[in-house]
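Protein sequence lines, in the order shown, are assigned to chains B and S. Each residue of the first sequence is one higher than the one before, counting from 15 in the working numbering. Each residue of the second sequence is one higher than the one before, counting from 1485 in the working numbering.
No wet-lab data here; the hints were simulated from the structure. Warning: the hint list may mix true and false statements.
[As the list claims (entries may be wrong)] Derived list of chain B stretches under chain S, where covered just means 3 residues or more per stretch with a C-beta under 8 Å from a C-beta of chain S: (1) 83 to 97; (2) 139 to 151; (3) 155 to 163; (4) 172 to 182.
Glycine residues also receive a C-beta, built at the ideal position from the N, C-alpha and C atoms.
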Amino acid sequence: MDPDRPARPADELAGQVYQELRRLAAAYMRRERPGQTLQATALVHEAYLRLAGAGTPWRDERHFVGIAARSMRQILVERARARGALKRWGGLDRVSLMESLVAAAGEDAMLPALDEALTRLEAIDPEQARIIELRFFGGLSIEDAAAALDISPATLKRRWSLARAWLFRELTSRLT
Amino acid sequence: MTSAQRQRVRQIFEAALERGDAERGSWVAAQASGDAVVQEEVLSLLEHHQRAGKFLAEPVVDRMPDLLAEDTTLVAGTTVGPYQIVKELGRGGMGRVYLASDTRLGRQVALKALAPHLTRDPHQRERLRREARAAAALSHPGICAVYSLEEYDDELLIASELIDGETLRAEIASNHRPSSDEIIRTARDIASALAAAHAQGIVHRDLKPENIMRTRDGRLKVLDFGLARTESGPAATGALVTEPGMLIGTPAYMSPEQLNGQPVDARADVFAYGATLYEYISGVHPFAGATPLATIARVLESDARPLGQRCPHVPIVILECVERCLRKSADERFRSAVDIVRALEHAGDGSSTATPGVWWRTHQVVIVLLYLIAATLGWQIKEWIETPTTVSLFIALGVGAAIGGVLRGHLVFTERVNRRELVREHRRSVNVLLTVDILMAAALVADATLLAAWPLTLVLTMALGVGIALAALVLEPATTRAALGDV
């Protein structure tokens, strides 16, 4: 895989999701007015309705959200890269990096690095990587994410903590 | 680590989450049952779990919807009003900048597409329109001319003069430290451009080295009047703090009142002007901190290291001007750039301060020598004619020489070592010195009247007295003005 660009979804269906989400997101941004907030879940849901309505053979919405969350990850990481995230991320010293990670601030700068760490996590434990994708990129609630992965919400919550601690260590240790 | 070990780590970590902090360590050790790799990994992950704060806690899109905004790029050939896009020149915090050609007038212009986050809010959009209109009304050789405001597919674009040159930021980064002449010229050019805007009631709000360009033929141009965000209140400051990438850019040049979310006026530009000039001269930002937050804290709380300490050769007028621009309280700064222009009127006048400084120092040394001669003469006269009068005159001359000599020595020392304080020190001692000089001159003249028997010494003493008086009243103000500026 080319390290500088996130891979496009492998199969054609995923490609459709990716295109649809991009289109919807752009439309949302154009329409957006103060007071309205854009939510990732709403976006994913709308994309599902549109694609399902178009007769795309999805097994069910749960199958769909996994692919949608992955597409969101790609779209957002691409955007962050286009906005010079790598440069800003590289420019942060250890203290400000810690500060911004803990405060969840300036998250776009961290996205490419998070994407790479997530790819490494995937190789070790794919389920953990899925959980982060569904929750952080797809915006799914604990219950919905648990349903999509066929595990109990309590298990998902604990496993999410583990994945998050692992990623946090990855991102902060890169600078020592 | 084997996959079996990984599985153990997962089980122990997840179970440990249910336990209290106190017993965790020993509990994990017991569970790991002697496998040091597993134990260490679980403890490390638990520690990071506790330190992770809000990391990944909320979906990124919910927090940063801007990230989904399509970065539309206008392709070459697109027509925007009377302009045709030629190519993209670059992009900054404000948005993308394109090179475009004006099809009606056949000239090239810069077309700036304002970033979506600046134009989405209708009020903000309306304000930008108004500001662009006001900026278009500004006509000054030091201000990048705004030609028109265009709308294209929901985007707001500003057509302006195309400037071929480099930003002041590039100049600062090049490590070339400017000479006194360059400093004075740059300080004046920026101030006069700002003053033209301030005189029209237009505040820049985001003056910084990135917004000032020098054309290839050396003229300075200030860009982007009034385009900065103006949201006030604590929310705006919060937004600044949470965007580390943004911080190094603008907030470092923001005045304390701007950072506090208070309304700003021309005096905020005056502060930014001072910070920009300071950095241009020294190459170092006046409030640079290790982290963006530290920089903000320094802008709000600490004083900048005096510029004169970093760059002793800088004309004193400039040092004083920068120092006054950077005051924390807006009331203590110049009221607007118009006042800065006035303050810089006498700066250098084309010559560097090195020569006047030498003249002023020479003057001080010569006067101290004259003091010594005067005291010696007083002693000689007392030896020749020992009366209570000559003795008192000798004592007066001796005391005067001592006081005057020490004060002038102190001033020369200040000038060499801590030039920034010279104006203040001079102000403190100027009246004492004048009094000492006049009294010594009077004492010498009085002594001379007693010297009928020694005509040559009489003439010499009289001449010395008149000389010291003239030097104090006529020469000294001139050399001081040349060295210190208008004091």
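Results of checking the hints against the structure:
1. Residues of the region 83 to 97 of chain B lying with their CB closer than 8 Å to a CB of chain S number 7, which satisfies the three-residue condition for coverage.
2. Under a criterion of three residues with beta carbons nearer than 8 Å to beta carbons of chain S, the stated coverage of the region 139 to 151 of chain B is upheld, 5 such residues being counted.
3. With 0 residues having a Cβ less than 8 Å from any Cβ of chain S, the region 155 to 163 of chain B misses the three-residue criterion, and the hint is violated.
4. Counting residues of the region 172 to 182 of chain B whose beta carbon lies closer than 8 Å to any beta carbon of chain S gives 9, which meets the minimum of three for the stated coverage.
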